[in-house]
Amino acid sequence: MNHLTPDELVDAVEATLAAARHTHLQQCPHCSREVVQLAAILRESRHVDVPEPSPLFWDHFSDRVRQAIAAEPAPRFAHWFEWPVLAPMAGLALLIFALVSAVPQGGAGLERLQMAVNGPGRSDTDTSAAGTSDKMAASEFADATWDVVSELVGDLDVETAERAGIAIGPGSAESVMLQLTSSEQQELVRLLRAEFQRAGG
Amino acid sequence: MVAPERDDAALVAACRAGDNGAFDEIVERHRRAVYQVCFRFVNSHEDASDLSQETFVRAWKGLQNFKSEAALSTWLYRIAVNVCLNRVSLKKLYTEPLEADKFIDPRAEEPGAALIRGERAAAVRRAIAGLPEKQRATLILRTYHELPHQEIAAILGSSVGAVKANFFHALANLKKLLGREP
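Order-wise, the sequence lines are chains A and B. Taking my numbering, the leading residue of the first sequence gets 74, the next gets one more, and so forth. Taking my numbering, the leading residue of the second sequence gets 72, the next gets one more, and so forth.
Just so you know, these hints were derived from the structure itself, not from any lab. All figures in this text were calculated on a predicted structure; none of them were measured in a lab. Positions of the beta carbon are idealized from the N, C-alpha and C atoms, including for glycine. Careful: at least some of the hints might be erroneous.
Pairs of lysine to aspartate or glutamate, EDC-like flavour, derived with a Cα cap of 20 Å [said to hold, decoys possible]:
1) B:138 - B:79
2) B:138 - B:78
3) B:246 - A:136
4) B:247 - A:117
5) B:246 - B:190
6) B:132 - A:117
7) B:132 - B:190
8) B:246 - A:80
9) B:138 - B:190
10) B:246 - A:87
Computed beta-carbon distance windows for the label pairs [what the hints assert, rightly or not]:
11) B:138 - A:146: 55 to 65 Å
12) A:130 - B:201: 21 to 31 Å
13) A:120 - B:232: 23 to 33 Å
14) A:133 - B:247: 36 to 46 Å
15) A:270 - B:88: 19 to 29 Å
16) A:146 - B:216: 43 to 53 Å
17) A:140 - B:136: 18 to 28 Å
18) A:255 - B:76: 47 to 57 Å
19) B:90 - A:92: 47 to 57 Å
20) A:145 - B:76: 24 to 34 Å
21) A:252 - B:76: 39 to 49 Å
From just these sequences and the hints, can you work out the full model?
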């Protein structure tokens with residue numbers, strides 16, 4: 074004879090025992106006694122209330138919750154404004170602003186930037202003459218020059234950032250670079266090229 | 072004209088839209104049930120009060136994670152149980168003080184009967200608070216809040232079978248602790 078399992082005893086107490094096992098329960102004094110005792114303890118427990126605090130407690134409780142929440146930083150209900158989204162965007166904006174600000178200053182730094190963006194031995198007129206092979210190589214070109222661009226922007230002077238009202242930490246520009254996707258990197262290169270052309274570089 | 076009472080989903084939406092008063096309504100509506108879960112867990116008014124407060128603060132901070140297809144009460148129970156489990160693991164179990172019987176209204180029945188009933192109720196509360204954590208959580212959610220086994224399993228991160236087993240052992244342990252063993 075298979076006695077009821079703990080699961081089945083719970084089902085029996087809750088009156089959801091399968092019909093096939095109910096037959097056993099009716100015939101087995103051991104299982105019947107067990108179910109009666111469990112049901113009795115459940116019934117007794119169910120009737121034990123939690124002591125009701127005073128009405129004054131509830132007023133104070135709501136105040137306490139309100140104060141505790143007021144002491145917490147505001148929750149962020151809109152994911153769009155969370156830092157994983159904002160940080161790369163702010164970094165990208167800072168980067169573009171800083172690079173564009175650096176362009177009119179000319180000199181060796183400008184030449185290095187232009188070389189990084191346009192590639193060694195290339196001029197802007199080369200771009201206008203670019204053919205199909207250039208398009209095919211565009212992706213590899215962007216990747217190849219990207220390391221140089223990253224290296225250069227990693228050394229951006231702090232004064233430029235401060236003039237923009239934004240303080241940057243050491244390595245933060247490089248960190249932002251690493252978070253950009255390949256297509257975002259290509260877009261940045263395109264923006265830089267356009268800016269160099271506009272500045273007559 | 073009195074504004075119509077908002078349901079839980081409307082209150083949650085209002086909170087997300089920045090209506091702080093909506094969360095006050097949520098607290099007012101669910102504070103008693105949350106307090107009762109906590110009290111049954113720790114068998115102490117002071118601790119239950121602190122745990123309930125912590126439950127609502129966590130709820131407020133995590134409101135953006137609340138899935139509106141679930142009942143708000145069940146979500147709050149889940150937070151309350153987790154807060155209680157965390158606290159209980161850090162703190163020694165509380166023993167109900169003698170003055171617990173101050174809650175009994177002596178006008179309701181004979182003083183002797185009231186005392187016996189009060190003592191028995193206190194013994195049951197102590198016994199429940201002395202159960203292992205998972206058994207305690209299962210017993211509280213099933214017996215006093217009538218949650219289905221499936222929902223309790225989701226709250227405790229276990230299976231329905233484990234919930235039923237915990238419920239059985241909780242009742243068996245209560246039987247022993249309260250001296251009903253034959």
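A quick look at each hint next to the structure:
| no. | hint | result |
| --- | --- | --- |
| 1 | B:138 - B:79 | holds, 12 Å |
| 2 | B:138 - B:78 | holds, 15 Å |
| 3 | B:246 - A:136 | violated, 40 Å |
| 4 | B:247 - A:117 | holds, 14 Å |
| 5 | B:246 - B:190 | holds, 16 Å |
| 6 | B:132 - A:117 | violated, 38 Å |
| 7 | B:132 - B:190 | violated, 40 Å |
| 8 | B:246 - A:80 | holds, 17 Å |
| 9 | B:138 - B:190 | violated, 42 Å |
| 10 | B:246 - A:87 | holds, 17 Å |
| 11 | B:138 - A:146: 55 to 65 Å | violated, 23 Å |
| 12 | A:130 - B:201: 21 to 31 Å | holds, 25 Å |
| 13 | A:120 - B:232: 23 to 33 Å | holds, 28 Å |
| 14 | A:133 - B:247: 36 to 46 Å | holds, 39 Å |
| 15 | A:270 - B:88: 19 to 29 Å | violated, 46 Å |
| 16 | A:146 - B:216: 43 to 53 Å | violated, 32 Å |
| 17 | A:140 - B:136: 18 to 28 Å | holds, 23 Å |
| 18 | A:255 - B:76: 47 to 57 Å | holds, 53 Å |
| 19 | B:90 - A:92: 47 to 57 Å | holds, 52 Å |
| 20 | A:145 - B:76: 24 to 34 Å | holds, 27 Å |
| 21 | A:252 - B:76: 39 to 49 Å | holds, 47 Å |
Violated hints, listed in ascending order, are 3, 6, 7, 9, 11, 15 and 16; each of the other numbered hints is respected by the structure.
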